[in-house]
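Heads up: the sequence shown at position 423 corresponds to 423 in the UniProt record's numbering, and the numbers run straight through without jumps.
Any given hint might turn out to be false.
[Claimed, not checked] Taking CB as the label site, the calculated pair distances span: (1) S523 to D625: 31 to 39 Å; (2) D128 to S435: 55 to 63 Å; (3) Q243 to S512: 29 to 37 Å; (4) D625 to S819: 25 to 33 Å; (5) I489 to G634: 38 to 46 Å; (6) E218 to S22: 42 to 50 Å; (7) K195 to Q414: 54 to 62 Å; (8) P882 to R815: 29 to 37 Å; (9) A583 to L455: 48 to 56 Å; (10) E256 to H17: 35 to 43 Å; (11) D211 to V82: 43 to 51 Å; (12) R815 to Q414: 50 to 58 Å.
Please keep in mind that the hints were generated in silico from the structure rather than gathered at the bench.
Only a predicted model underlies this, so the values are computations on that prediction, with no experimental measurement involved.
Don't be surprised by glycine CBs; every beta carbon is placed ideally from N, CA and C.
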Amino acid sequence: MDPIVYKNIVDALHVIHLLGSSPEQRIAAQNYVEEFKTKSPINTLGPYALSLIDKKNEEIIRHFGLHLLEFMINSTNAKTDVAILNEISQMLLNYANEGVKPFFEEVVFIREKVSSLLAGVIERVWPDNQPNLLENVMQLSNFGEVQMEISIMTIRSLLQDTSNEYTANISAERRNEIIKSLQDIITKLFPFLFKLYDNCYKAYKQAPQGDPKRLLFERLLIVLLETGVALNNNWLSTKFIFQYEFVDIWSVLIHEEPLRMEAVECLLLLTEQKWKSTTISMQSVKHFIDVFGANCYQILSKPLDQDVLLDEYDFHKKLCEVVTNFGMLSFVRLTKNDSEHAEKYLTLLLLFSQHPSLTMAQNTFMAWNVIFRDTKDVKPVFINQDFFEKYYKVLLDVCSNKMIKELGNPENQQMSNNPTNQFSQVDFDTKDDYSQHFGTLRGCITVLVQTITLLRPMLALEFAYQAIMAVIDKNNADSDSIKNQKLQIATVQSQTYLAWETASTLFEWILSTVKKPSENALSALTQLLQKLLRFSSTDPLIHSRWVVCLEVLDPVYNNNKDALDAVLQKLFAEMRFRLPREANAPVNALCEDTQSARKKCFHAFIHLCKTHSNHLLPNLKYLVDSSEKLFKEGELSSQEFILMCEAFVLISKEIPNAKERNSFLAYLLSSHKQEWVGNDITQIVGDPGLLLKLLEIIPESNPQQQAALVAVKQKMVHIMMLFVHVTKRLVVSSGDSQIQLLLAEYLLEMVPNVMNLIRTLHLLYAPQTQQLIDEKNREHLFYVGIDEEERLLGNNCFNASALSDTQLRVYHIHRAIRSIRTHAYSLMGFACQLCDKGAQFWSNPQMFNLLGNSVFSHLDDMDNKDTKALLSFVSSFILYCPEGLYDSLLSNVLVPYSANLYKRLDAQWCQLLAPERAARVMSDEQLRKETVYEKILIELTREVIT
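Start from the sequences and build out the full structure, keeping to the hints where you can.
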């Protein structure tokens, strides 16, 4: 070794690390050191490295010496440079034994580097050239705490480097050689590691708090646990971890706060391995439950300390993962062999299910579902054993508590002090993250509740019965206490609503699963029905959940038609539900909550009509007449009456005689069809000016005429909606050709006015029609609707009540145009579908001209959103056009239409992607409109392609 060169190296290292060095000096020093390292012969670097790593030197000098050794190791060939590698290994062993400083004086990165270099040498020369090298490393642990740590970290690095077959520094062939050699010495390696665990843990526990010795052994145990993590790899059989009692020490260490996260990580990785029955004995599985289960139970049984609640959370989540992983691995084996240990495990799993965390709840519910699913073949041994009976009701109770909506919502201030919400603030960044997780959680709960119901139907029914009775009694008590107070309406976050939502949903899941309840169950459900029928609420949200309870009691209705009649009568009355303050309000002015509550009644009524249509058949005409009477009196809205008509259509399917079914349909629809072809509608659908007044786009100065136009608009929308909904219901649910012929006949009579209406709607975009509209209103009235715009911008929480009067007027105009246009296209589509090849619709020689002058008219003037809406009719037109008309009609219509469509897309995409457009500086409003325009164009393009 040249002393001058050595001095120059030390000086250069000082310059590199000295804060006062200039950039030029630092670069020159780095170049000198690098040149020395790369250009000197490898066999001459050893003496320099040995001198540099002397413990008397500064850390930066020693670290470079170790770096020089690393360069030598990486630059050697294991086959040709054996002597150099042997020299380096001996140098490192001597340095680890005598060259490092005492534990509290030596820096961590020096200890880490020495162990890394030792592992690197082992990977090159052991065992072929130095068969005792690994044992020599293990023996280092006898010479002091620093040496023990270096020994453990070397083994850890070696295990980590062989755990992945794609390790960069080792070839696959060499990796396999090392693995085989490691497998040969497992009987030495594992006892060695366990002895270190045992000795270090005893020394750790004996040292008092604050004693430096305790910190020393804490560090050694952490390194041992990191080695334990490396033991869980893809080549080392899991049985050795059980055989050499690593599970025992890891399970004990979960009680030690500084060590618990590393300890539970070892256990977690262990349960992520495949526990094959050929390698993991049943005795090992039981031992895991005895040792880990007992220690885990001690931790969970402690009351939750609010001061350290969140600090404990990550640790508890890891424990939960260990428990759920184990259940998916080995629980079935337990059920076949040992119910005592199965019960121990289930008790532990239940404790985690009861934890306030929703994340842990989901993991445990998934485990419960796997347990139930995987134990189908061992039901006599497991499902019907006495010890398991106690879990069914407790699990239903846990499910009921965890499925409460808003529980865990990090943005719900009313529940901010709830532990579940505190945990959710850790787990979920936004409400969307929470909502996605909660949806998955509810899915798991649904499966679990239905599975328990299948296994223990009486118990589940009793639980559901008690849940509904509890919310009814609580609601009545609350009502009594606020009789003299101002009426308070529940919100989706209020406790009363959440209790009703939870109980009614659980009731729905259980009732839908029980197919044939016992006589005792039916008796209890009938009593519950009587209590439900006596219940009343003026709160829309509570009212909706009450209706759900009535809707799902089909088992009672199947056996008790008097009960069914009572419920139908109750629902019929509740369809007129109103808030007290809305007693005299027009039906179209009812608030959204009231409309939603009423709609729930209609849907429940439709459901019962569908499931009990035969029973209702004798009262069909009475129901129709009563509904029409309520509609004409303004008690039912147009949409509500149409929902009733859908119910009547379902009942009419039970009419045995085809002629009578047609007569009923004619009774239901003929008057509305006649109104559609009447003079008032015929006049308006053909006149753009009148249609603009009807839509309230331009004013009508005569109040009487304006009122008449409003009435006609309501009638038009009502008739189109009625025919669309009824036709859809009949076409989907009925294969009756006679009914379809009658519908086709009605549609043929309606088509002329429908075509005129479509043509006039298209004409609204033409320049000559636009001139009729005040210029300042044109853009607003024919731009995208406010609600559509919010949807396109990704805002799905549109609230019409927050709009100004001007915005609300524009919003209603857009909705009316959309509704009329959509239903007109639908009616044309149904005409295409139902009118057969020989009918007047397809055989009309003027069909091409009629379509060209109506549906396909004024295409150049239409905007993209309306062009996209037209595609719904085009699809039906193509699908149902008779084959014989492909050349004479279909191609003649589609060729110019397609050309117009692609010309539109080409021109608008070119305009949108023009460089000068991208370079523009836009205001926020301009940018908003640009974004909406682009998204509509994307939607249109996607629709055309599909």
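Hints, one by one, checked against the model:
At about 37 Å, the CB distance of S523 to D625 agrees with the hint of 31 to 39 Å. Under the hint 55 to 63 Å, the C-beta atoms of D128 and S435, about 60 Å apart, fit the expected range. Between Q243 and S512, the C-beta spacing of about 50 Å breaks the proposed range 29 to 37 Å. D625 and S819 have their C-beta atoms about 27 Å apart, which keeps the hinted 25 to 33 Å range intact.
The hinted range of 38 to 46 Å is not satisfied by I489 and G634, whose Cβ atoms lie roughly 24 Å apart. Evaluation of the 42 to 50 Å hint for E218 and S22 yields a pass: the beta carbon distance comes to about 44 Å. Against the hinted window of 54 to 62 Å, the Cβ-Cβ separation of K195 and Q414 comes to about 56 Å, which satisfies the hint. Checked against the hint of 29 to 37 Å, the pair P882 and R815 passes, with Cβ atoms roughly 36 Å apart.
With their beta carbons about 49 Å apart, A583 and L455 fall inside the hinted range of 48 to 56 Å. Separated by about 38 Å at the C-beta atoms, E256 and H17 satisfy the suggested range of 35 to 43 Å. The hint said 43 to 51 Å for the Cβ distance between D211 and V82, and at roughly 46 Å that hint holds. For R815 and Q414, the Cβ-Cβ distance of about 34 Å falls outside the hinted range of 50 to 58 Å, so the restraint is violated.
Checked against the numbered hints given earlier, the structure breaks hints 3, 5 and 12 and satisfies all the rest.
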